[in-house]
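Visitor: Listed below, chain by chain, are the residues.
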Amino acid sequence: MLTLGDIAQRLGLELHGDPDLPIEGVCGISDDLPQHLSFVGRPKHARAARTSAIPAFIVRPGGLVDGKSCLVHDEPEYACALVAALFAPTQYSQDVAIHPTAVVDPQATLGAEVRIGPYAVIGRGARIGARSVVHATAVLMDRVVLGEDCVIHAHVTVREDCVLGHRVVVQPGAVIGGDGYGFVVHEGRHHKIPQLGNVVIADDVEIGANATIDRGRFTATSVGRGTKIDNLVMVAHNVQVGEDCLLVSQTGISGSTKLGDRVVLAGQVGVTGHLEICSDVTVLGKSVIAKHVLHPGTYAGIPIRPVAQWKKTVAWLNAQAKQADEDGA
Amino acid sequence: MLTLGDIAQRLGLELHGDPDLPIEGVCGISDDLPQHLSFVGRPKHARAARTSAIPAFIVRPGGLVDGKSCLVHDEPEYACALVAALFAPTQYSQDVAIHPTAVVDPQATLGAEVRIGPYAVIGRGARIGARSVVHATAVLMDRVVLGEDCVIHAHVTVREDCVLGHRVVVQPGAVIGGDGYGFVVHEGRHHKIPQLGNVVIADDVEIGANATIDRGRFTATSVGRGTKIDNLVMVAHNVQVGEDCLLVSQTGISGSTKLGDRVVLAGQVGVTGHLEICSDVTVLGKSVIAKHVLHPGTYAGIPIRPVAQWKKTVAWLNAQAKQADEDGA
Amino acid sequence: MLTLGDIAQRLGLELHGDPDLPIEGVCGISDDLPQHLSFVGRPKHARAARTSAIPAFIVRPGGLVDGKSCLVHDEPEYACALVAALFAPTQYSQDVAIHPTAVVDPQATLGAEVRIGPYAVIGRGARIGARSVVHATAVLMDRVVLGEDCVIHAHVTVREDCVLGHRVVVQPGAVIGGDGYGFVVHEGRHHKIPQLGNVVIADDVEIGANATIDRGRFTATSVGRGTKIDNLVMVAHNVQVGEDCLLVSQTGISGSTKLGDRVVLAGQVGVTGHLEICSDVTVLGKSVIAKHVLHPGTYAGIPIRPVAQWKKTVAWLNAQAKQADEDGA
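In order, the protein sequence lines correspond to chains H, P and B. Using my numbering, you'd call the opening residue of the first sequence number 1 and step up by one each time. Using my numbering, you'd call the opening residue of the second sequence number 1 and step up by one each time. Using my numbering, you'd call the opening residue of the third sequence number 1 and step up by one each time.
No wet-lab data here; the hints were simulated from the structure. What you are looking at is a predicted structure, and each value in this text was computed from that prediction instead of being measured. Keep in mind that the hints are not guaranteed to be accurate.
Said to hold, decoys possible - Quick list of the computed label-pair ranges, beta carbon to beta carbon:
hint : chain 1 : residue 1 : chain 2 : residue 2 : range
1    : H       : GLN323    : P       : GLY67     : 53 to 59 Å
2    : P       : HIS295    : H       : GLU113    : 54 to 60 Å
3    : H       : GLU187    : B       : LYS322    : 43 to 49 Å
4    : H       : GLU187    : B       : ASP20     : 31 to 37 Å
5    : B       : ALA85     : P       : GLY5      : 56 to 62 Å
As the list claims (entries may be wrong) - With a cut-off of at most 30 Å between alpha-carbon atoms, the simulated DSSO-like pairs for lysine-lysine come out as follows:
hint : chain 1 : residue 1 : chain 2 : residue 2
6    : P       : LYS258    : H       : LYS291
7    : B       : LYS192    : H       : LYS258
8    : P       : LYS291    : P       : LYS258
No residue lacks a Cβ here, since even glycine has one placed at the ideal position from N, Cα and C.
Take the sequences, apply the hints, and build the full model.
Guide: Okay, structure coming up:
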């Protein structure tokens with residue numbers, strides 16, 4: 001339990017109101033919880049804030065909420081995220097840094113303050129950077145390199161030779177470095193092409209639960225700095241994802257496709273192989289990208305077209321549908 | 001091996017025919033197996049039953065099958081499910097209730113007759129209800145609460161503070177309580193919003209293999225009583241799923257959407273965030289729900305429309321396609 | 001490190017050029033790596049090969065590349081796959097065949113040269129064929145049968161009574177034999193039908209990371225010889241997949257559907273239940289199969305139609321979209 005004053009001090013924020021206010025967590029305005037801190041992201045939310053049971057808010061300069069204690073920050077939601085970190089609970093408690101049941105190869109190297117949970121397996125020649133946490137049952141195979149301040153959750157598999165940067169977070173069950181889907185036909189049957197490449201993940205990447213990122217066939221599959229990959233996403237072999245991309249849940253990217261920076265693929269998007277998607281492209285959910293995308297912008301559809309075109313097509317199809325319905329009636 | 005008489009007695013069913021008939025399992029009519037028990041769900045199946053190699057059937061009152069031994073129940077398929085439970089095989093044998101290799105925090109509490117498999121990990125403050133089974137390698141992190149008569153399969157992860165009710169079944173590899181996909185932009189980059197909420201799952205819920213249910217951002221993601229979630233389904237942070245819903249494989253529900261009761265989403269459906277779907281809505285496979293659904297009924301399409309409209313649209317499109325084909329010929 | 005001469009000798013290939021050339025790996029032409037061996041699959045690639053930094057290529061008879069050392073094979077890509085196997089790295093090193101932390105039931109039987117990693121769990125009555133490798137944390141439950149020369153990766157779950165053939169490869173996190181999605185309504189609620197069947201996987205099958213193959217309700221779900229299943233694919237209960245099929249990532253097949261041989265389903269395809277898909281059918285990505293497919297050929301669309309028809313429909317729709325766009329302008 002912290003006071004509002006504690007929080008203001010830790011983040012160096014200007015405080016208006018009661019510094020002794022007890023704060024037991026953060027919440028959204030609609031969560032409407034007493035003894036919590038929330039934020040006013042937009043002026044239109046000020047009224048809901050004022051009438052809520054929430055005692056304190058982070059607000060923009062000049063955005064004080066009548067009758068509430070306030071902290072001031074230019075980016076209230078960002079500041080609220082910083083405060084939330086103060087309330088993060090423990091995930092798996094253990095009294096020792098390296099749990100006695102962890103199998104760490106003698107030829108693996110661990111940085112300072114590394115924590116490893118029960119039944120984690122660290123392969124020969126693996127290197128784990130300072131302050132990284134490897135949770136229970138996670139498996140890092142031979143020669144995996146993990147940067148500093150990473151969090152690898154339970155049941156994650158990182159296969160041999162994959163390289164992860166600093167501050168990478170991998171949610172439970174994700175698989176990094178599984179074999180790519182590569183086969184060659186010989187005498188009418190599919191024969192496996194040994195997948196000798198690896199996966200290289202840059203700093204500040206997050207990978208969602210049960211997502212899969214396949215290793216390259218002969219070289220690397222790569223994910224750029226700051227990119228966030230959601231649950232159950234599939235990134236195939238030799239794909240190159242740029243920086244600060246968002247790949248939303250259940251999206252799939254086929255082999256050897258290249259994404260630029262700040263590409264946003266909403267949920268369940270499919271991308272065929274060997275394509276180039278330029279930077280600053282946003283694609284709405286369920287869409288299919290089957291050709292190169294050379295111009296920044298927002299697209300939608302199966303296959304995609306510019307979103308304005310797509311909306312008109314959908315409206316027109318709905319009209320046709322209603323017409324067909326009336327004709328049928 | 002049981003006799004038909006044993007089965008009639010255990011379920012208290014009226015028997016017509018040979019009580020000494022040896023029964024080694026249950027099957028569907030099309031499986032056509034000797035020494036098995038099947039059921040006649042609909043009158044039209046009686047002929048196939050009569051001509052099959054199956055010696056015994058569960059039938060409706062008055063639905064006896066000539067030349068076969070029969071048990072009588074108003075709901076033959078349901079009765080067959082009860083019989084099937086008599087033939088369920090062991091999954092992982094061990095001679096002790098708590099396998100010696102399980103890591104159970106001293107501050108975890110286990111109910112009567114709890115069974116825990118090898119290499120399972122139970123965190124600090126976790127509570128497991130009577131008769132629940134935690135299979136090999138499953139991980140329950142700090143303060144997880146599990147009700148009575150649950151089955152948690154291999155490689156399941158339940159992250160900190162999540163709460164599961166009674167008789168909950170979680171298939172292998174499912175992840176409950178992974179971080180939601182929540183980021184805030186600061187200086188042009190995506191920064192993680194700590195996900196402080198949890199997942200609350202009511203009684204009699206089943207969760208499929210490798211499905212993922214993310215924890216809420218500040219509050220709870222919730223799944224209502226009796227809801228069945230299939231493999232590889234994604235339920236995002238702060239989603240609220242009602243009671244007795246069916247979410248079929250590879251369906252994805254985006255953040256903060258609310259589903260009523262008895263909502264059926266067929267395979268590969270996508271639902272965008274912050275929507276309200278009322279009770280008694282059924283949506284066909286591959287559809288996209290992008291707006292609130294206020295009226296019960298059956299819908300289909302990308303985006304969805306009432307199924308009758310959608311069928312006419314598809315028929316009309318197929319006609320256009322054929323026309324285009326002929327024009328092209 | 002091998003020399004080109006070593007490689008020629010091991011594969012029995014005709015060598016033109018420098019047998020002492022050091023080769024440290026294989027690569028694609030576009031990877032353009034020194035000290036690597038690549039292949040010329042098509043005559044049109046010869047020029048890129050000649051101007052690359054790659055010192056050696058596998059080529060078709062008569063396809064020698066000026067200024068490069070060459071090995072000759074009728075199928076260069078296939079030969080390159082054979083060479084790649086010579087460079088496959090270790091995945092998890094251990095000095096003993098059966099890691100001391102593996103839990104192997106005394107009533108399980110292991111063939112010659114079986115290797116089992118740390119924290120793997122082998123159930124009662126399980127049988128593992130000669131030379132198979134079970135990686136760290138993999139779980140094979142009671143009575144699982146695994147053939148010879150199989151590779152089971154980390155965090156794989158094979159549930160009770162499932163049967164895998166020879167040379168089967170299962171990537172990390174895949175679940176074989178989870179309960180099918182089978183429920184029966186009784187008094188308005190969904191009750192579980194115990195899933196008593198199993199999964200039977202033939203020889204030379206590969207199963208991708210986090211894919212799920214459910215056990216049959218009363219009988220078997222089956223996958224035919226040589227079929228390759230990609231990451232995050234869902235194969236539901238009682239599905240029967242033929243031989244040499246390719247099921248690409250995130251495809252889902254509903255219960256009791258039968259696929260013939262050499263069926264190719266591209267990424268994110270959905271197939272409804274109780275259908276028959278004949279042999280030699282190819283379906284493009286994101287398509288939906290909702291009816292029986294009786295004729296070999298290539299199909300696409302939601303729902304599918306012959307690909308030529310589908311292409312014309314898409315072209316026609318795009319024209320409509322542009323028109324709608326101009327009208328709107």
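Visitor: With reference to the structure, classify each hint as holding or not holding.
Guide: Against the structure, the hints:
1. H:GLN323 / P:GLY67: 53 to 59 Å: holds (56 Å)
2. P:HIS295 / H:GLU113: 54 to 60 Å: holds (57 Å)
3. H:GLU187 / B:LYS322: 43 to 49 Å: For GLU187 of chain H and LYS322 of chain B the Cβ distance comes to about 48 Å; the hint holds.
4. H:GLU187 / B:ASP20: 31 to 37 Å: Given range 31 to 37 Å: holds, Cβ gap about 33 Å.
5. B:ALA85 / P:GLY5: 56 to 62 Å: holds (59 Å)
6. P:LYS258 / H:LYS291: violated (35 Å)
7. B:LYS192 / H:LYS258: violated (45 Å)
8. P:LYS291 / P:LYS258: Within the cut-off at roughly 12 Å; holds.
Taken one by one, the earlier hints fail for this structure at numbers 6, 7, listed in ascending order.
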